[in-house]
Amino acid sequence: MRDHILLFVNGRQHRVSGADAFIPLSNFLRERLALCGTKIVCSEGDCGSCSVLCGIADAASAKPTFKYAAIDSCIRFVYQLDGCNIVTVEGIADNEKSSGQLNSVQRAMIDCHGSQCGFCTPGFVVAMTGMLENDDQPSERQWRRGLTGNLCRCTGYTPIVKAGLQCSQNRSPKINECFPPAPMVAAMSGISDDEIRIEHVVGEATQTIYCPTSLEQATNFLADNPSAKIVAGATDVGVQFNKGFCHSEIWMDLNRVSALKHLKLAGNAIVAGACATWTDIENLVEKRLPQFYEIVSVFGSPQIRNVGTIGGNIINASPIADSLPFLFVTGAELQIVGKSGTRKVNINDFYQGYKTFDMQPAELLAQVKIPLPSNDEELRLYKISRRKDLDISSFTAAIRMKLDGEAIESCAIAYGAVGPVVLRLPETESFLIGRTFDLNTMEQAGYIAVKEIAPITDVRGGDEYRLQLARNVLKKFFHEVRAAGALA
Amino acid sequence: MNTDSSKTAERILGGTAVGKSIPHDSAVGHVTGAASYIDDLPCRVDELFVGFVGSPVANGTIKSIDISKAIDAQGVACVLTSKDVGPHNIFGPLFCDEPFLADKELLYVGQPVVVIAAETEQALAEARNLVTIEAEPENPIFSIDDAIASEHFIGPTRRIKRGHPIKAIAGATHQLSGEFRIAGQEHFYLESQAAVAFPGEQNQLVVHSSTQNTTEIQTMVAEVLGLSMHQVVCICKRMGGAFGGKETQAVIPALMASLVAQRTGRAARIVYDKDTDMCVTGKRHPYRCNWHVGFESDGTIVGLKVDFFSDGGSAADLSTSVMERTLLHAENAYYIEDIEINGRVCRTNFPPNTAFRGFGGPQAIASMENIIERVAEKLKIDSLDLRLINVYGDTDRNVTPYGQLYTGNHLTEIMTTLAETSNYRDRIAGLDQKNKNDSLRLHGITMTPVKFGISFTTKFLNQANALINVYTDGTVQVSTGGTEMGQGLNTKIRQLVADEFGIPFPSVIVMPTSTEKNNNTSPTAASAGTDLNGAAAVDGCRIIKSRLANFAAELLASPKDGLIPSPEHIAFTDGMVRDRRQPNAGMTFAELTRKARMERIDLGARGFYKTPGVDFNRETGRGNPFLYYTQGAAVAEVSIDRFTGELSVERVDLLMDIGKSINPKVDMGQITGGFIQGMGWVTAESLVYDDGGRLLTHSPTTYKIPAITDLPIDFRCAMFPNDDNLHCVRRSKAVGEPPLMLGIAVWAAVKNALTYLPSEKDPNLKLPATGEEILRCLTEMEC
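Those protein sequences? They're chains A and B, same order as listed. With the working numbering applied, the first sequence corresponds to residues 1 to 488, in that order. With the working numbering applied, the second sequence corresponds to residues 1001 to 1783, in that order.
Calculated directly from the structure, the hints in this document are not laboratory data. All C-beta atoms in this analysis are idealised placements derived from N, C-alpha and C, irrespective of residue type, glycine included. Any given hint could be a false lead.
[What the hints assert, rightly or not] Selected chain A positions facing chain B (in silico; Cβ < 7 Å):
(1) G37
(2) S115
(3) C117
(4) C154
(5) T155
(6) K162
(7) R387
[Stated by the list, open to error] No farther apart than 25 Å at their CA atoms in a straight line, the calculated lysine-lysine pairs in the BS3-like style are these:
(8) B:K1378 <-> B:K1436
(9) B:K1378 <-> A:K162
(10) B:K1595 <-> A:K475
(11) B:K1069 <-> A:K243
(12) A:K355 <-> A:K451
(13) A:K261 <-> A:K369
(14) B:K1610 <-> B:K1595
(15) B:K1766 <-> A:K388
(16) B:K1434 <-> A:K388
(17) B:K1083 <-> A:K475
(18) B:K1436 <-> B:K1020
(19) B:K1434 <-> A:K475
(20) B:K1020 <-> A:K162
(21) A:K355 <-> A:K344
(22) A:K451 <-> A:K402
(23) A:K162 <-> B:K1660
[Claimed, not checked] To give an idea of the chain A side of the interface with chain B (calculated C-beta under 10 Å), a few residues:
(24) A59
(25) A60
(26) K63
(27) L102
(28) F124
(29) L147
(30) T206
(31) C246
(32) H479
Modelling step: build the complete structure from the supplied sequences, incorporating the hints.
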């Protein structure tokens, strides 16, 4: 058991324990290390100004290598970063190899006038450098898609896209070349599987964070500490913490439990550990399930998807969670573990009310199995939000349908943001089954659908708006299927 | 041979930096993270963290304030209320009507009441929860309609009128009228409001503020804290964005830090978090526009009357000036013989609304372009044709409703050129079929122009001063009252000054803006930062150059060759100072400055500039408020989802006349950035409040500025070549605000797309055209 973490920042080792382990990485960088290039704007992972690259040792690689991905440091707790190398904007320019030379992104941003006020610029430089880690020559579309997690209010992005395209012409050294991984891997050797428990006394209370490395350790700890707040990607709990809505004395972080990170296509199903990240899922489904890929690719931002987990999206239990309508219509199966054993629950039976679900204290979501629709089924997923990228849904829907000629053989419909939980629409579904698939049927279905839901008016839209969307997506589905059929 | 001599001539005339796309002054600092903002200043050992507790209600009176628990809390240094402020608790840029800390009346949710200073951020956060403000709530006013009904106004109705509009409208072949609603906009500068105050000797204070207006901060801190102006220095190195939001509203945080520094004798820092910033600072003004228009069958608009009402929030701030600019832009690019424009600012229970890029112009132009769209639709003629019929003329139909002769008008040329380069006619011709063929999306295309007057409409603000320090190694420091918020002001000033002395760009540095060096300055606003401060800097350079030329003339004279000293022949180019009559002789600029000092020649100067010939009588609504106009046009093509109302901006073409650009890439950055900001205002940016007047969209989670994927899929921007602007420094033009109004083309294109629905109803599209609003229109039209 360790009482500290080892964290590398721009290749330099820091041993962190006590209060510092509990703060967001952005604050640690700015206040403890005086690395003020990392800016804090929103403290909720919605602007990307605090972007840093998080390098994690690649266990699968034969020689020591770190895999780097951009994250929002404002919603990453220091205790989640044992063994990671954090590369900040200062590290990108000022490292041993290039001794203060600017990298290709920095040069291109200068040449193309990619900065105006400069406040978002470090975040962009970091995110762009992160993109070049995994792809030497991103296309214009990829630059746009890859930078949805960074907001700029000055430039109108045009010069930033130009800068990106200039980078695609000029290769920069990879981060692994700038920060040799071997010494960092060596420093972690023999201790990377340690359990970590850090305590910090605040007044009369003691804050505890426990970071297990096995599922068994996690369930045991949870059995002893059923009130522990569980952290995975921290993309929501980090926000709640920063805004003062989340208080807990005991925390458990699942980041180091490798048994929760598996992800594969097995037969006709996706099997995902609860801590599989959305980036990994996005890559897995890109070819096989383009409909789901579209939804995943507008889920948060790259920074969010790099750490956000499928388990977190399910357990957060939001009626507007982006993945849930799809998981509902596919009948995803949840594997839940406790100290006493494992059980399985269909996601359609899992939620009981707003943010309540079929799980006991001391239980953990371990795995999600998603049976995939067959190729002769129609599947459409809809996410309506005020802005296309990095936005929370105003309305979500999944419509899955199997046609037998002109007749509807089977169908499943799930809507989000229309009630306290994501809803299946059983009456609409049974109305549709057996009927002719035409506009009239879908219009009628719309009138049934709106009786099955009870949307509210909130900051993301009015109830009328949501009711109209609930009616219209059925028509949209019809036109899309017909248009696709006409093309085929 | 010819080429060579013209090159030589160019070199001798100077001018090597201006016109080049030199990278932003701070670009290296930006990309390495080394550029420092307020909250990056290292903490002094004694520094206190400052925050505040605001009003729990939108309207009411304070019954009691309990700060006892907060005072006793661990780590709290002081807890202050209006009682600690003294007699000068009221401030304001135009009217003194805004309390710094509420003493009795509560006027909006979050209005500062109690200031707390603590040793740590944690202690500050805890202490804030220990303050109780008990309020007696009263009925709040949350809408323009309610304010009008209950006659809550700020300032009088202002009017600009020409001819007999009522008669002209009645006598026209066609009439239309309507009510148009325009919502507000959050600035969303990335760096929230921030200030650090350091106490000094003799009751002095040094305040570092993220402000567009150092003089305003100096003045207000002095007034409210009971100091004299010479005891307060305000410094602004740079801002992480401002867009008008730090023209006046940087005052309150600066006052809080200053008050704590004064009371405790310790350094004090305040940095709003994003949520607080968005909740308590003012925004772009929401508007209601009631309009009546009369027009002939050929499209000629013969009469127009518009009544504007803006939501000013709870105090005047700059609202009356903002409304003034609305009145001065109500006709946008069009000549309308008989016209009446009225404007009134409404008082509501929101934070005081304030300057925001465009400053009332955007609402005026959106209102006019809405009218144009309605007329085009009514007459079933192409809206560009309608615009070209009504656009201002060159030699006639060229006087604005307020009596200013519109010179340098290139609008027709800009619009026709853009129509060609964007292939507007062909694309419009294909639109009907495109819409018939597409069962999923509706498509629309519209061109909108902008004509934007340059100068502060308040005459005295049209002045600037600059301090030029030349050092004996030939390098130069420049200081002006202009502030750098990202727009590239410092870069352009460096270019101007480098060219004046004929020295390389790196030999000039622009220093942080400080009231210690430049006093009585105007805000960096109205797009006029470079026009004013650049001209003042050039003036300062010329004063020094004149002294140096006299001196150099003596040094370079050659009596044996019959060349007597002649300052008129002295040229400053390529880092050299030469007598044009013998260009092979000469000395470096550095050498000259060294020698000048030895001869006791002053190498420092203060330049000054005041805009000539501008004035406006707001009582009569007549005058010449503007030095010149910046103009341009945009074509936007959009598609909207027929079922969800989701918007996609397919293609945008921009063409702007910004004169001879001092730095084309810096200016292009203003054009693309301004356009996208305007597009955000007219599309996705939506402010939502609860029933109690609390802002619900107070962070980027809920308030959606454009993201990178909202860029038009095909985005083409160009500058209209024009060197006829003799009014402005190096024939340039102001560029900061005008492109924002090109964003209105996107809104108009949405409205255009809706007209392709087979419906008799008018798409009564409000602004912004959010997906929800578009779907509302789609549904309403299909019913």
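Here's how the hints hold up against the structure:
no.: 1; hint: G37; in the structure: holds (2 Å)
no.: 2; hint: S115; in the structure: holds (4 Å)
no.: 3; hint: C117; in the structure: holds (3 Å)
no.: 4; hint: C154; in the structure: holds (5 Å)
no.: 5; hint: T155; in the structure: holds (5 Å)
no.: 6; hint: K162; in the structure: violated (10 Å)
no.: 7; hint: R387; in the structure: holds (4 Å)
no.: 8; hint: B:K1378 <-> B:K1436; in the structure: holds (21 Å)
no.: 9; hint: B:K1378 <-> A:K162; in the structure: violated (42 Å)
no.: 10; hint: B:K1595 <-> A:K475; in the structure: violated (84 Å)
no.: 11; hint: B:K1069 <-> A:K243; in the structure: holds (22 Å)
no.: 12; hint: A:K355 <-> A:K451; in the structure: holds (23 Å)
no.: 13; hint: A:K261 <-> A:K369; in the structure: holds (13 Å)
no.: 14; hint: B:K1610 <-> B:K1595; in the structure: violated (33 Å)
no.: 15; hint: B:K1766 <-> A:K388; in the structure: holds (21 Å)
no.: 16; hint: B:K1434 <-> A:K388; in the structure: holds (24 Å)
no.: 17; hint: B:K1083 <-> A:K475; in the structure: violated (63 Å)
no.: 18; hint: B:K1436 <-> B:K1020; in the structure: violated (48 Å)
no.: 19; hint: B:K1434 <-> A:K475; in the structure: holds (20 Å)
no.: 20; hint: B:K1020 <-> A:K162; in the structure: holds (18 Å)
no.: 21; hint: A:K355 <-> A:K344; in the structure: holds (19 Å)
no.: 22; hint: A:K451 <-> A:K402; in the structure: holds (24 Å)
no.: 23; hint: A:K162 <-> B:K1660; in the structure: holds (24 Å)
no.: 24; hint: A59; in the structure: violated (31 Å)
no.: 25; hint: A60; in the structure: violated (32 Å)
no.: 26; hint: K63; in the structure: violated (30 Å)
no.: 27; hint: L102; in the structure: holds (7 Å)
no.: 28; hint: F124; in the structure: holds (9 Å)
no.: 29; hint: L147; in the structure: holds (5 Å)
no.: 30; hint: T206; in the structure: violated (16 Å)
no.: 31; hint: C246; in the structure: violated (14 Å)
no.: 32; hint: H479; in the structure: holds (5 Å)
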